[in-house]
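One line per chain: the protein sequences are E and U, in this order. Numbered according to numbering that gives the first Met the number 0, the first sequence spans residues 0 to 240. Numbered according to numbering that gives the first Met the number 0, the second sequence spans residues 0 to 240.
Hints may be right or wrong, so weigh each one.
The list cannot tell twin chains apart, which means a pair is met if one copy fits it or any two copies do.
Said to hold, decoys possible - When the alpha-carbon atoms are kept at most 25 Å apart in a straight line, the in silico SDA-like pairs for lysine to any residue are as follows:
#1 121 / 215
#2 207 / 36
#3 207 / 239
#4 195 / 40
#5 195 / 41
#6 121 / 145
#7 195 / 211
#8 207 / 108
#9 195 / 78
I should point out that these hints are in silico values taken from the structure, not numbers from a laboratory. If you're wondering where the values come from, they're calculated on a predicted model, not measured in any experiment.
Number of protein chains: 2
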Amino acid sequence: MTQSDARPAVQALAFDVFGTVVDWRGSIADEAAAVAASHGVEGDWEAFADAWRAGYAPAMDRVRRGDLPWMSIDALHRLILDSIVERFGLGALDEDERARLNRAWHRLAPWADSVEGLARLKRHFTITTLSNGNFSLLVDLARHGALPWDCVISAELFGHYKPDPETYLGTARLLDVAPTALMLVAAHPSDLRAAKQQGCRTAYVIRKLEFGAGHPLPDYTAGEFDYVADDFLDLAHQLGA
Amino acid sequence: MTQSDARPAVQALAFDVFGTVVDWRGSIADEAAAVAASHGVEGDWEAFADAWRAGYAPAMDRVRRGDLPWMSIDALHRLILDSIVERFGLGALDEDERARLNRAWHRLAPWADSVEGLARLKRHFTITTLSNGNFSLLVDLARHGALPWDCVISAELFGHYKPDPETYLGTARLLDVAPTALMLVAAHPSDLRAAKQQGCRTAYVIRKLEFGAGHPLPDYTAGEFDYVADDFLDLAHQLGA
């Protein structure tokens, strides 16, 4: 941001959630390991979490193309789970165990800086989720992790998944702010680029451990985003919050 | 509630907001008095607040009948404001003053028990708004009054105003709970009756001062609602929260 930036002040921050606010990989691996142990099954549960997550974008694409009707992320997660259990030796999980494991996505742990960072940012800006997770999942995550959102906004409210424009523009409309006064905060350059295309501000938070230590980080260009931060405390510092 | 009640446990509480959580009458009267004083105009500003509020249900009915397109409460409030300013000697208010006064509905003060009562109830239940106020208005009220909602739900999300069934059923759907596991908390029997008709539980909170001291309270029948409470602390006590 330069002194010559003539855009209106940022009023609201919309946060991607999976990977940006919460550590889905560690949380899912822990819950999978626990249910596997109860069946005497050993395995690489981080790889299981990765496989589950890897099914997510293709599943949303099937909804976007109309191959599947609008489905909640809960329902998509369950489709993917059922497609990978055999591969990880968990084919014996019964309906109750599968339903409970699927709900692990409602119990993901925040990154260590998330709660304090959000509390600081909330003093200066309206803070909301903007996630493809369904509304009730996001509410459960907030209660589980004590995330101090001003409100919860889900792709479910728009019947469109990110990166469809309806999600970014719909969030600005619900908050009654211009898209330029809304900043998306995300650990994923592709999400940020789609928001920028709709006129939103962008803050890239680098979550080095989202896909595990040593996993290559996504490419981005210097100056491509308004802010680049190591975590939410760094972002709060940069924003004077 | 009797021991023989076979319905599922209540999981979520949805709160009406104007009059139930916040004192619109006192807050609006204060802001009207301030702008009137700056013009040297004297008047009965509680009567002004009552007149403004009295235009609200008929304006929503015009939307419901299709005489007006879907409009936010902000827009409806402004229509009503413009229709009553002359009567109270405020016809000289310019555009900026009217816009600012209209935003007074975003700055309403909570009742004295609201914040503590909500915090106690939140420990046991998911707590949300369910108000005809537009989404951004409800977010602003929460920030202004430090109301600790888990999420904000507005009639705006459904394109229907209460008491239309879509609002109660839509809230249950977003929270992923059965209507019987959702309890509406409101100071208005008509709202509660409409929620009950859709299978929701009901808690009537008697706000004796909503329309001023001595104003007659609405009629209701003993046993008509699941709970009747004097305020949110009393409701929390009755619910074991």
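Quiz item: Between residue 195 and residue 40, at a C-alpha cutoff of 25 Å, which is it: within one copy, between copies, both, or neither?
Solution: For residue 195 and residue 40, neither the intra-copy (45 Å) nor the inter-copy (48 Å) Cα distance is at most 25 Å.
Quiz item: From the Cα coordinates, with 25 Å as the cut-off, is the pair residue 195 and residue 78 best called within, between, both, or neither?
Solution: Neither, since 32 Å and 35 Å both go past 25 Å.
Quiz item: Between residue 207 and residue 36, at a C-alpha cutoff of 25 Å, which is it: within one copy, between copies, both, or neither?
Solution: So residue 207 and residue 36 fail the 25 Å test inside a copy (29 Å) and across (58 Å) alike.
Exercise. First find the shortest C-alpha distance between residue 121 and residue 215 inside one copy, then the shortest across copies, and answer within, between, both or neither for a cut-off of 25 Å.
Key: Neither: 31 Å inside a chain and 41 Å across chains, both beyond 25 Å.
Self-check item: Within, between, both or neither, where residue 195 and residue 41 count as close if Cα-Cα is 25 Å or less
Solution: neither (44 Å within a copy, 50 Å between copies)
Quiz prompt | 25 Å Cα threshold - placement of residue 239 relative to residue 207 | solution = For residue 207 and residue 239, the Cα distance is within 25 Å only inside one copy (24 Å; across copies 44 Å).
Quiz item: Between residue 121 and residue 145, at a C-alpha cutoff of 25 Å, which is it: within one copy, between copies, both, or neither?
Solution: Both: 14 Å inside a copy, 11 Å across copies.
Quiz prompt | Within, between, both or neither, where residue 207 and residue 108 count as close if Cα-Cα is 25 Å or less | solution = Classified as within; 16 Å inside a copy, 43 Å across copies.
Self-check item: Within, between, both or neither, where residue 195 and residue 211 count as close if Cα-Cα is 25 Å or less
Solution: neither (27 Å within a copy, 49 Å between copies)
The structure shown violates the earlier hints numbered 1, 2, 4, 5, 7 and 9.
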